[in-house]
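**Q** Using the sequences plus the hints, can you model the full thing?
Residue numbers are given in my numbering: position 87 of the sequence shown equals residue 87, and the series is strictly consecutive.
Incorrect hints may have been included.
[Claimed, not checked] Label-pair restraints from in silico Cβ distances:
no., residue 1, residue 2, range
1, Ser68, Thr30, 26 to 36 angstroms
2, Thr16, Arg96, 25 to 35 angstroms
3, Gly37, Glu81, 14 to 24 angstroms
4, His105, Ser51, 17 to 27 angstroms
5, Ala72, Val25, 25 to 35 angstroms
6, Arg21, Glu81, 11 to 21 angstroms
7, Gln20, Gln65, 16 to 26 angstroms
In short, the hints are calculated from the structure, not lab data. Glycine is no exception: its CB is placed at the ideal position from the N, C-alpha and C atoms.
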Amino acid sequence: MEPLPFLQRPRNEIKTALAQRTLEVLQPGTSLYLDSGSTLLELARLLAAQSRPFSLVSAALDALQVLSQNPALSLHGLGGEFDPLQRMMLGAETERQLGQFRLQHA
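**A** Spelled out as structure tokens, the structure:
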């Protein structure tokens, strides 16, 4: 059986609750990395809907697209080889770029 495309995965209450709790403990100005998981996409939606400043790094196209709706956020997109199943950049170039950031959370 083939996995569901990322954007078709269910958004359930548990994912929303986890994302909400994560947002509650993040301090303004925190720098963090968001991967391509569906729970992290839910966190991206919550971050995009609020006004506290954060510095975010991601190789996940969907997360970057959602986060780009909030001009209060500092966004850094990573390059690399595109993985269409995960809808994110991967590989040595992505890892090299990620190593340039000093992140508080990942």
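**Q** Could you run down the list of hints and mark each one as holding or not?
**A** Status of the hints after comparison with the structure:
no. : hint                               : verdict
1   : Ser68 / Thr30: 26 to 36 angstroms  : violated (18 angstroms)
2   : Thr16 / Arg96: 25 to 35 angstroms  : holds (34 angstroms)
3   : Gly37 / Glu81: 14 to 24 angstroms  : holds (19 angstroms)
4   : His105 / Ser51: 17 to 27 angstroms : holds (19 angstroms)
5   : Ala72 / Val25: 25 to 35 angstroms  : violated (19 angstroms)
6   : Arg21 / Glu81: 11 to 21 angstroms  : violated (33 angstroms)
7   : Gln20 / Gln65: 16 to 26 angstroms  : holds (21 angstroms)
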